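So the chains spell out like this:
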Amino acid sequence: MTDDRIALPSYLDKPPEVAAYFEAIEKRKVVLNIEHLRREFAAAEGTLVALSDISFKVRKREFISVIGPSGCGKSTLIRIVAGLEDPSAGTVSVDGVPVAGPGPDRGMVFQNYTLFPWLTVRKNVLFGPKMKGTRNDKALASADEWLKMVGLSDFADVYPAQLSGGMKQRVAIARALANDPRILLMDEPFGALDAQTRCSMQEHLLRIWEAADVTVLFITHDLDEAIYLSDRIVVLGARPGRILEIIDVPVSRPRSQEQLLSGHFLATKKRLEELIYRRDTAAAAEDVTHA
Amino acid sequence: MKYDPETAIPVAREPLTRLLGVRKPLDPRSRFWVGVLAFALPFLAWCAVSYVPFIWHPQVLVADAGDSTVPGEYSYVAEGERVDLDVFIARNRELGAAHAKRATGERVNPIYLQAPHEVGRALYTAFTTPPERAGDYWLHESLLQSCKVIFWGFFWSALFGVPLGVLCGTFPFFERLFEPFVDFVRYMPAPVFGALAVTVLGLAEEPKIAVIFIGTFFQMVLIVSNTTRAVDASLLHAAQTLGANKRQLVWHVVVPGALPGLYRDMRILIGWAWTYLVVAELIGEKSGLSAFIYQQQRYRHFDNVYAAIVIIGVVGLCTDQFLALLGRYLFPWETGQTKLVRMVRAMRRALPQRARLANT
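Chains as they are written, first to last, in the numbering used here: chain A, 1251 to 1541; chain B, 26 to 385.
I should point out that these hints are in silico values taken from the structure, not numbers from a laboratory.
Given the structure is predicted, the values throughout are model-derived calculations rather than measurements.
Heads up, a few of these hints could be off.
[Claimed, not checked] Straight line, CA to CA, 20 Å or less: simulated SDA-like cross-link-like pairs of lysine to any residue: (1) B/K271 <-> A/A1350; (2) B/K364 <-> A/M1381; (3) A/K1373 <-> B/P285; (4) A/K1373 <-> B/T363; (5) B/K271 <-> A/S1403; (6) A/K1373 <-> B/R374; (7) A/K1373 <-> B/W358; (8) A/K1388 <-> B/W358; (9) B/K311 <-> B/D161; (10) B/K271 <-> A/G1353; (11) A/K1373 <-> B/Q362; (12) B/K364 <-> A/G1353; (13) A/K1373 <-> B/N117.
With the sequences and hints as input, model every part of the structure.
Rendered as structure tokens:
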């Protein structure tokens, strides 16, 4: 058998422009700080540790993905950051202020769209400003701007039921961003979309992220998606959910689809596969021997 | 655009395959005609039993009793009476044995099964003929009384039941506080409170309204609370991450989210109110359509009895269809029917700029 594998660079060695990019990030302010986060659930066979000692920082305008096998607690993590669940121990702080419950400083995009079906697209986007009591004409202008940004100006007066999945998710992104959050939390936002739509949504999201002043914490189980979008990737292992490694993505920006086949991209993907799948199978084998 | 079975043009198929598909929606034309059939079939069955001789017709309307001097077990058969067919035959056997003149008559249905044309006539004449006894109510007066009792009973029930139900569906605290007791009372049939209601509220309309209230209120709290709980929790989460506080969550997410469901609940509960009406109207001083039916039955005017029953059905059906139609316009996000919304928007645009800002 011939070995036709390509020699890949190490995922750890960054091209000079990428190294400079990361240096610049390091100088920015920390927006989200997660410290020693732990989450336990009461289960029939005792307490189940969903998350154990999770700590990382997200700096301003950074795009961070959290990736891991199913059951690693990545959704629990983002729900704790959003304030929808409480941690068992540890703290989450935004701009140095510990969070207690959900708030408009952490906008969230959910996998199942969660648009308000009784509101038109524009009124969905206006929901946050309206709750805050922002003046109507000012909010309206900003809402229309965000709709233009996600390419849905023509659908402003349409109800969500009339939109496709990708369009709904674009509205959800516009709705979260129109509220001017400090950080945008995205919980597998493209998980329910078909492959083509998912691809174009990634493009959309990158363009928005580049154009607007947004910090993103992105949950996914799709390796390509994580590498393609992120500056850094937090890799979680399962049982208990813990950080295996935080990877600086050595792929230069601005990103394009061609980079999916670049050496640095593939090297990163290989490393992620090692971390997630190998460990997964190893853990499974371990489970079997224990049983 | 998404595939919508309502508007998709079906491939031409055999009628039977087309009409009898498993969970396959009918095309609009078949829908209409099958709907017509729903009423036409029972009506045709009624006509057949009434007009086609020998389908049933178990009695004989005696036209001529024959020689009534002939004694016998069945000598009570007299002119103008309805007697069972076997009695009539037995009487003729007696008359035949005595070589006397035989009785004649025509086979008819019992008095309680009136033919369509008789009920139709009654429907018309009931509105035009004065009541038999002075002081009795006309049919339209009875109908109005019934509608008033239903309206007020349901009004009070909804006024308290809907907010309480929404409260229970929103806050588990109130659910735990109210629902166990409501569940307990719900199993007591409303009519058992009739005597009590008369003692407390007198003989007039109030106890009847109270019975309808009791009959619908407790069910309403539970149904409304269930519908409210069915509002997608992820919408609440989304609203919270958009900065909605507790009050805003209730008013801007829970209430609008539950509204179409609540509207459907109310349509169903109005039907229940009508079932309690009949009991309610017979307590204290009899009133409304039930009193009318009761009286007509005593006069053996069964055509009028049917007329009144049909009227209840027609009023119920019309109310429901009207509410269904209204619902299509009220909740455009579910039906895509935006005519009303567009009208409201146009009216808003016509308002001066200042008022518009204050309103939106």
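Hints and how they fare:
{"no.": "1", "hint": "B/K271 <-> A/A1350", "verdict": "15 Å, holds"}
{"no.": "2", "hint": "B/K364 <-> A/M1381", "verdict": "28 Å, violated"}
{"no.": "3", "hint": "A/K1373 <-> B/P285", "verdict": "19 Å, holds"}
{"no.": "4", "hint": "A/K1373 <-> B/T363", "verdict": "15 Å, holds"}
{"no.": "5", "hint": "B/K271 <-> A/S1403", "verdict": "31 Å, violated"}
{"no.": "6", "hint": "A/K1373 <-> B/R374", "verdict": "16 Å, holds"}
{"no.": "7", "hint": "A/K1373 <-> B/W358", "verdict": "13 Å, holds"}
{"no.": "8", "hint": "A/K1388 <-> B/W358", "verdict": "26 Å, violated"}
{"no.": "9", "hint": "B/K311 <-> B/D161", "verdict": "11 Å, holds"}
{"no.": "10", "hint": "B/K271 <-> A/G1353", "verdict": "12 Å, holds"}
{"no.": "11", "hint": "A/K1373 <-> B/Q362", "verdict": "18 Å, holds"}
{"no.": "12", "hint": "B/K364 <-> A/G1353", "verdict": "37 Å, violated"}
{"no.": "13", "hint": "A/K1373 <-> B/N117", "verdict": "85 Å, violated"}
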